[in-house]
Structure formats: structure tokens, C-alpha cells
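Asks: Below are the chains, spelled out letter by letter.
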Amino acid sequence: MKIIKYFFLFCIFLSLTSCFDIIDKINLKADGSGEYAVILNASKSKTRLQSISKMETINGKKVPKKSEIENKVNQASNVFKSVPGISNVKTSLDFDNFIIKLSCNFKKIENINTGLEQLKAKNIIGKTVPTQLYKQNVAEKTFIRNKIGSYKNEYDKLSKADKEVFSDATYTSILQFENVIKSQTNNSYTVSPNKKAIKLNGNILDFILQKQQIQNSISLN
Amino acid sequence: MKSILLKKQLVFFLIFCCSFAHSQSKIQVPANAVFYMEVNGKLLNSKTNWQKLNPILQNLNKNDQEKPTWKDFSDTGIKNDAKQYHYINFNDSIKSYTAHLILEDAVKFLEFIKVSSKKELEITKKNKYSYTNLNDDTFVAWDGKRAVISGISYTKKLPKFDYDYAADSTVVVSVEEPPMIDSAYAEADSTYYEPEKPFNYKDEIKYLKDEIKYTKEDIKSHQDDIVRMQKDIKYLEKHHKYPEEKKATTELDEVASAKPTEEYDEEAEDLAYQKEMDSIKAEDFKIVKAFAEKDFDRYFDSNMEVEVSKEMVKFQDANSDVFVYSNYGEIVKNGAYKHLAKLYNFGDLIDNLYNSNSSYNLYFDKNKVKAISNYQHRDSEIQKRFSALYNGKKNKKLMSLISDKSVGYYAINVDGHKYFDLMYSLFESKNDSGKYQKELELMMETIKIVLDEEAISKIAPGNGVFVLNALNTKKVEYTDYEYDDSFNDKEIKKTKDVVVPDFTFAFATENENYWKRVFEVLTTNKELSQKFAKNGDIYYLKKDPKNSNYIDQIYFTVKENIVYLTTSLENLVPKKQSAVSQKWAKDATKHPSSGTINMQRLLQGLEKEFTTISQKEGFNLFRKNIGDVYFKSEVKKESIETEFNYTTPNSSENSLMYFFDFCNDLIKISEKETSTAL
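If you read the protein sequences in the order shown, they are chains A and B. For the first sequence, numbering that gives the first Met the number 0 begins at 0 and goes up steadily by one. For the second sequence, numbering that gives the first Met the number 0 begins at 0 and goes up steadily by one.
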């Protein structure tokens with residue numbers, strides 16, 4: 000009922016809201032190889048996370064221990080190492096600032112898609128995480144960031160407390176190229192002054208609910 | 000002789016008619032109702048500003064269908080200044096809500112329900128009344144003067160579950176719903192208890208045959224699982240890992256990230272499922288409608304006056320705006336914990352814990368909302384033990400910690416020793432029910448022998464206070480990223496404010512040495528001493544060099560028979576008390592339980608937490624509208640009486656309209672956000 004929903008607005012304000020940022024970066028060379036990095040930065044919520052890390056459960060879910068998180072990240076790292084075309088896999092875990100990083104080199108961007116598929120197959124990431132993210136054609140000098148489906152249904156199924164986790168979370172995507180960018184199909188991406196990089200930034204919820212589009216087709220000179 | 004016989008017959012006939020008439024005269028609220036509410040329409044109507052309320056109700060009544068909304072909610076055909084009676088009761092299969100209303104204009108009332116339902120209604124006309132259904136489980140009946148709303152939820156009765164077998168066996172018995180043996184059309188009494196049917200061997204045979212069918216399917220499924228697991232074992236013995244292609248996912252939230260797979264025809268499955276659900280719904284509706292009609296027949300055959308048992312209204316104040324009674328014992332016995340209690344054979348423990356009534360009188364005064372609740376255990380002996388628990392000693396020294404600047408406090412003064420008596424009585428059984436009752440009793444007797452109750456209660460006799468002194472802010476550093484012209488990232492350090500509470504928790508003790516020993520262990524134990532240290536009589540949590548603790552410093556000590564735990568040493572010094580805080584301290588000393596929160600101070604402290612524009616707007620709205628909270632509990636009239644007060648700002652004409660005004664403001668903010676988003 001509407002009244003009850005509005006009344007609990009205050010309780011939501013007082014609830015354990017936290018924010019985190021996800022950044023993914025691709026640096027692409029002309030031959031199609033490059034570097035990939037993904038950063039999960041929850042440093043802004045570190046005071047709350049430090050309290051949560053001392054608890055057994057939160058919102059009805061078990062709080063993972065430091066060793067469990069390390070284990071999971073190492074598993075992900077091993078999976079990526081096993082993907083042909085991927086090399087120089089590095090991970091870093093900063094439990095003081097709650098920052099997790101994973102980076103690697105690739106021979107072609109589709110290796111990253113394979114890596115994500117492998118992570119999904121081994122249950123290291125959830126089944127709903129999209130994996131066919133990128134496509135490129137070196138000869139035609141095109142790079143495509145694929146569309147991802149809406150996750151509105153899955154989001155709607157979350158409890159109010161779980162939804163609050165996403166309320167201030169942001170997503171940043173950076174694509175850097177060796178060649179100059181000729182054109183792109185999604186103007187939400189900001190183009191750098193030297194026209195060799197584009198950046199997309201927004202609230203994670205907007206991407207989950209498809210209020211902001213992530214797909215982009217880039218033509219290079 | 001003949002005339003004497005005739006006279007006797009006449010007298011008998013007259014007595015029979017009188018008792019028949021009397022028994023049919025009033026409608027009884029079921030004695031086992033779990034919830035009963037009486038709304039004093041006269042008082043509430045005098046406090047309602049309908050001009051202000053109508054637009055709010057119209058807004059709430061809107062929905063996506065572009066149908067007209069009722070305009071004037073003060074003129075719905077319902078007599079606004081008459082009493083309303085609402086109650087809920089349930090048993091195995093039926094949960095029902097009933098509301099009795101008095102009408103002043105039946106025609107207008109019919110118009111109102113037609114407009115409010117926003118759809119065509121099928122009206123059934125009976126001899127003494129008419130009725131319709133607003134949806135699959137809500138019915139409304141009316142005649143010229145009265146109306147009844149009935150909401151019924153029906154769940155098919157499952158076959159008797161052998162709880163003893165389930166508790167003993169290592170295999171969980173799956174309970175299957177019986178095939179359609181719905182005899183819910185059977186005579187139902189006013190409490191909706193389905194009477195025990197006479198045993199029908201043909202029904203029983205049919206049921207058992209279906210059970211065999213389901214069990215065979217289960218066996219086949221289990222056998223398939225066993226074969227699969229045996230294959231997995233052989234593979235693992237040979238290869239020491241699972242084959243990738245055979246590893247089945249078991250995640251329940253599997254969603255295709257791309258297209259749905261070709262083998263699974265989701266649409267056809269959905270359609271079949273929908274058809275089955277529709278047929279079940281139709282069947283259930285027939286049953287629910289029959290129950291509603293039966294109830295309406297009984298009501299409109301009576302003189303339509305509602306009678307309530309004395310027990311339910313024992314604590315009712317005729318001057319309250321709303322009175323509510325709830326029967327926790329029935330809720331637990333017939334509700335969610337019914338099968339749980341039987342399954343785990345807790346004996347009478349669950350019954351004893353919940354076998355109580357609570358009554359609430361609600362008052363919408365000019366500048367405050369007051370609610371008085373009376374909790375009473377239905378077992379008078381257990382109630383006496385509750386009352387004894389709430390009869391603790393006073394402790395003025397503790398309450399001197401409450402100061403003028405305090406944001407709020409919560410204080411208790413109970414008799415800790417009596418807590419044990421209460422606990423023991425909860426485990427007792429009046430009728431030796433429960434499979435393990437004897438074992439439980441033996442366990443309790445052993446505990447009584449082993450525990451030195453007096454010594455334990457000396458550690459914490461039962462006086463305590465929690466005082467929230469202030470909400471401070473501290474700066475914390477965090478890592479963020481910034482980007483140069485080419486979008487290369489660089490880590491930077493930023494700072495932000497977080498709110499940290501400044502509080503004191505203190506309780507009385509009659510065994511100071513015990514607590515000193517506890518604190519000494521914290522500072523001398525090899526592992527704990529890395530976190531705790533001591534400075535004279537004061538023990539403290541060491542400051543974390545990485546600043547990783549939410550609360551930087553916590554101090555604890557014991558002196559003059561009081562144990563303190565606080566975030567600041569200044570809090571240990573008794574502060575000057577003004578008239579207001581003296582009153583708080585006096586109340587806190589006097590009552591077994593009491594507390595207050597100064598909401599304006601609380602919000603002021605939390606201000607830094609609200610950073611975005613929409614959060615700040617909502618926060619400002621709360622700050623403008625929020626009032627203070629105060630409550631106190633004490634033993635009164637063989638019950639635990641709690642008075643809860645919420646002071647409302649003067650912006651509205653009275654506390655009732657305050658809530659509607661507040662809701663209206665919330666709706667406006669929410670609509671503004673929605674339109675901005677669009």
C-alpha cells in the first residue's frame with residue numbers, strides 16, 4: 000500500500016545504504032590485442048563494511064570471510080590464466096580500503112568473453128552476469144560493445160534492503176584505442192580530446208533497468 | 000389433568016421461544032478471534048478534516064486504469080460517527096476478516112463500492128440483503144441499514160501429518176495434497192471450524208491409491224538420482240574431478256544471459272501452468288463464496304447488533320478513538336508456528352510463551368498520539384511472575400547519566416532474580432502434553448539445582464540504562480579514481496564525514512569483583528590484550544592504527560556498584576540536569592521500563608548521511624514533521640501496561656490530521672521524483 004511504502008522511506012534513509020563503484024578498462028592495440036582491467040572499489044563504504052565484516056550475516060545472507068573472498072578471486076584468476084589468448088593475469092585485494100582488482104592481457108577481445116563464460120561455467124560469477132560483451136573486427140577496424148538485457152525482473156525480486164545496495168553504486172567503462180576514433184553509435188560515451196578514448200559513466204541501476212544504454216559500435220581510422 | 004399438561008406445554012413453548020429469540024438476537028464476535036478492533040466513529044469523525052483528507056484519499060485510490068475515483072469520502076453512505084467492528088479469526092483452512100458497518104444511505108454505499116472497485120460488479124439479491132464480490136476473496140453485503148465486509152482466505156486442508164514419524168525418522172515424509180475431497184461446503188459454524196467428517200472408506204481408498212502413485216514417482220526420481228551419483232563416484236575415483244560437460248548447475252536463479260534454449264518451450268509451459276492455476280482459483284472461489292454467504296445469512300437473520308466477550312474488552316477505554324485486541328496464543332496455535340511446535344515436541348513451551356492477550360487503546364489528541372497497551376498472560380500464575388519481574392528496585396545513580404543534551408535513553412528496572420521463576424514456569428506443563436515433557440522437566444529441575452540463581456542475579460540485578468548522548472561526525476579517508484584527458488585513471492584519496500554515536504550503557508551490579516575479573520582478563524589474555532588495554536581503573540579498546548573501527552574508542556569500568564560501557568570518559572561524570580532531564584531521570588527511576596527519543600536531535604546528528612538532492616529533500620521533510628517519542632511500562636490491573644506517546648508538531652489541527660498531512664507530503668515528493676525520472 001502506498002502509505003506504508005512512503006512511511007518506510009525514512010527507515011530506508013536510516014538503513015545500511017552503501018555505495019561502490021565498478022570500473023572496467025580496455026586498452027586496445029591496432030592488431031586487436033590489448034589489456035583488460037576490472038576494479039571493484041567499495042572504499043567509500045569502508046566504515047560500514049568494516050562493521051559488516053565482523054558480523055555473521057547481513058540482510059539474511061552470510062557475510063563472506065576474508066579467506067573466502069581471497070579464494071574466490073584466486074579461482075577467478077586461475078580460470079582466466081587457463082583461457083587461451085589471455086596472459087599476465089594479476090589480482091590485488093586491498094581489505095583495508097575494500098578494493099579488488101583483476102587485470103590481464105589478451106590477444107583478441109573475444110578472449111575476455113571466453114574468460115567470463117568460464118567463470119560462469121565454474122560458478123564463480125552468477126548465471127545472470129552477461130558474458131558476450133565485446134566483438135571486434137581488426138580488418139574492418141570496428142569494435143562493438145554488445146547490448147546487455149534488462150535485469151528489471153531480477154532486480155524487482157530483490158528485497159528492499161538488497162535493492163538499497165545498488166542505490167548509490169556507479170559503473171564506469173573506459174575504452175582506449177591506438178587508432179583515432181572515426182565514429183560511435185552511442186553518444187552517452189564521452190570522447191577524449193585526442194579522440195583515442197571514450198568513457199561511459201552512470202548509476203548502476205540505470206544500466207540494470209536499461210534507462211541508460213551500454214552498447215556502442217565504434218569505427219576506427 | 001389435561002389443562003395442567005396444556006399449561007406445561009405452553010410454558011415450555013414460551014421458554015423455548017424466548018431463548019430462541021435471545022440466542023438469535025445478537026451477532027457474536029467469535030471467542031477465539033485473533034484480532035478485534037472497535038473504531039469510535041464519533042470521536043474520529045470529529046477530528047477529521049474531510050476537505051484536506053479527500054484529495055489524499057483520491058490520490059491513493061487512483062490506479063493505472065483511467066476510471067473515475069470517488070470524490071467525497073465523507074459521503075460514502077457509511078455513517079461516519081457510528082462504531083465500526085472489525086475482527087479476524089482463523090482455523091486450519093479459513094482465515095477471515097469481517098467488518099461490520101452502519102449505513103445511513105444504502106444507495107450511496109452501493110454507488111461508492113461500484114466506483115471504488117473500478118469494474119463491473121455482479122450483485123446477488125437475497126431475501127434480506129444483497130451482496131457482491133470485489134475480488135476473489137472479498138465480499139460486501141448490505142441491507143438498508145447495515146453492511147458487512149468479509150475477506151476470506153481459504154487453504155485446502157492437508158492430510159494429517161504424522162509428526163511423531165517425521166521427528167523420529169531420518170527420512171522426511173513428503174506431504175502431498177489430497178485429491179479434490181473438498182467438502183468445505185459442509186455445515187460450518189460461526190467460527191469456521193470444519194467439523195470432523197465421518198470416515199468414508201471409499202474416499203480413503205481413492206486417497207491412498209493417489210498416494211501410491213505419487214510415492215512411486217518419488218521412488219523413480221530417487222532411483223535416477225542414485226544411479227547418477229553412483230556414476231559420479233566412479234568417475235571421480237578415476238579422474239579426481241568432475242567432467243566439465245556433466246557438471247550440473249543447481250543454482251535456482253539460473254537465467255539465460257542470451258536467448259532461451261531451444262529444448263524448453265517456456266510459453267507452452269507457462270500456458271499450461273496458468274490454466275491449472277485458473278481452475279484451482281475458480282474452485283476456491285466457489286468455496287469462499289459459500290462461506291461468505293453463510294455468514295451473511297446468519298448476520299442478517301439476527302438483530303444485527305454485535306456482541307463482544309467481556310474478556311476481549313476488559314481493557315477497553317470507552318473514550319479511546321480506536322481499541323484493538325489481539326490473542327497471540329491463537330495466532331501461534333493456529334498460525335505459522337502450529338506445525339512447527341508439533342514437529343519439535345516443545346510441549347507447552349510455545350503455548351506458554353505466547354498464550355497471552357494484548358489490548359491497545361489509541362488516542363489522537365491535539366498535540367500527540369497516545370497508545371496504551373495492556374499485555375496479559377492468560378495463565379494467571381505466569382502473569383503473576385511477569386508482574387513480579389517488573390517489580391524491580393529503583394536506582395537513582397544510573398539515571399543521573401541522563402543529561403540535558405541526551406538524544407534519548409532506554410531504562411529498565413526489573414527484578415533479575417524473578418526472571419528465573421518466570422523461565423521455569425514457561426517450561427511447565429499443565430496437562431503433561433508433549434512427547435518429551437518429562438525429560439524437559441528433569442532438565443529444568445537439574446538446572447535449578449546447578450544454577451545459583453542468587454549469585455547470578457547479583458552480577459546484574461536488573462537495573463540498566465542506555466543513553467545516546469550525541470551523534471558526532473568523524474572524517475574518514477577513502478580511495479577514489481580520477482581520469483586525465485586520455486582517460487587514464489589515477490588513484491586519489493578523498494575524505495568524507497560519517498556519523499558515529501556517542502553513548503553510555505550502564506547497569507547495576509552487586510558483585511563488582513566479578514566484573515573487574517572479566518575486564519582484567521581482557522587486558523591480560525594473550526590474544527585479547529592486543530585489542531584491549533587499561534589505564535588505572537579504566538579499561539579501553541585500543542585505537543586501531545588503520546582507523547578500521549566504526550567506533551574509535553570504547554571505555555569500560557566498574558565503580559560504586561555500576562558497570563559502565565561508554566564511548567567517552569566525559570559521559571561518566573554526572574551532568575547538570577534541567578527540569579526536563581530531571582523529569583526523565585525521575586521517570587526512568589520509577590518505571591520498570593521507559594525511554595524517550597528527541598527526534599530533532601537525532602535527525603540533526605544524522606544530517607551528514609543524506610548527501611543526494613532527493614535524500615536531502617526527504618530528510619528535510621522528516622525533520623519538519625517528526626515529533627518526539629516517549630514510553631513507559633508498569634504493572635497495572637493484572638497486566639503489563641505500556642503507555643507510548645508521540646508528540647506531533649503544531650502544523651496540523653490535531654494528531655490524526657498530522658499523519659495524513661505527512662503522508663500527503665511524502666506522496667508529493669515521490670511523485671516529483673517519478674516525474675523527474677520520466
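These are calculated hints, taken from the structure and not from any lab test. No residue lacks a Cβ here, since even glycine has one placed at the ideal position from N, Cα and C. Don't take every hint at face value.
Below are the EDC-like pairs computed for lysine to aspartate or glutamate, each with C-alpha atoms no more than 16 Å apart in a straight line [said to hold, decoys possible]:
(1) B/Lys473 - B/Glu608
(2) A/Lys198 - B/Asp488
(3) B/Lys635 - B/Asp316
(4) B/Lys369 - B/Glu608
(5) A/Lys151 - A/Glu139
(6) A/Lys100 - B/Asp316
(7) A/Lys194 - B/Asp316
(8) A/Lys100 - A/Glu163
(9) B/Lys493 - A/Glu34
(10) A/Lys194 - B/Glu640
Listing some non-contacts, in silico: residues in chain A with all C-beta distances to chain B over 12 Å [stated by the list, open to error]:
(11) Ser44
(12) Gln175
(13) Ala196
Asks: All hints, please: hold or fail.
Replies: Status of each hint after checking the structure:
{"no.": "1", "hint": "B/Lys473 - B/Glu608", "result": "holds, 12 Å"}
{"no.": "2", "hint": "A/Lys198 - B/Asp488", "result": "holds, 11 Å"}
{"no.": "3", "hint": "B/Lys635 - B/Asp316", "result": "holds, 14 Å"}
{"no.": "4", "hint": "B/Lys369 - B/Glu608", "result": "violated, 31 Å"}
{"no.": "5", "hint": "A/Lys151 - A/Glu139", "result": "violated, 35 Å"}
{"no.": "6", "hint": "A/Lys100 - B/Asp316", "result": "violated, 65 Å"}
{"no.": "7", "hint": "A/Lys194 - B/Asp316", "result": "violated, 77 Å"}
{"no.": "8", "hint": "A/Lys100 - A/Glu163", "result": "violated, 24 Å"}
{"no.": "9", "hint": "B/Lys493 - A/Glu34", "result": "violated, 28 Å"}
{"no.": "10", "hint": "A/Lys194 - B/Glu640", "result": "violated, 73 Å"}
{"no.": "11", "hint": "Ser44", "result": "violated, 8 Å"}
{"no.": "12", "hint": "Gln175", "result": "violated, 6 Å"}
{"no.": "13", "hint": "Ala196", "result": "violated, 4 Å"}
This entry does not satisfy hints 4, 5, 6, 7, 8, 9, 10, 11, 12, 13, going by the numbered hints stated previously.
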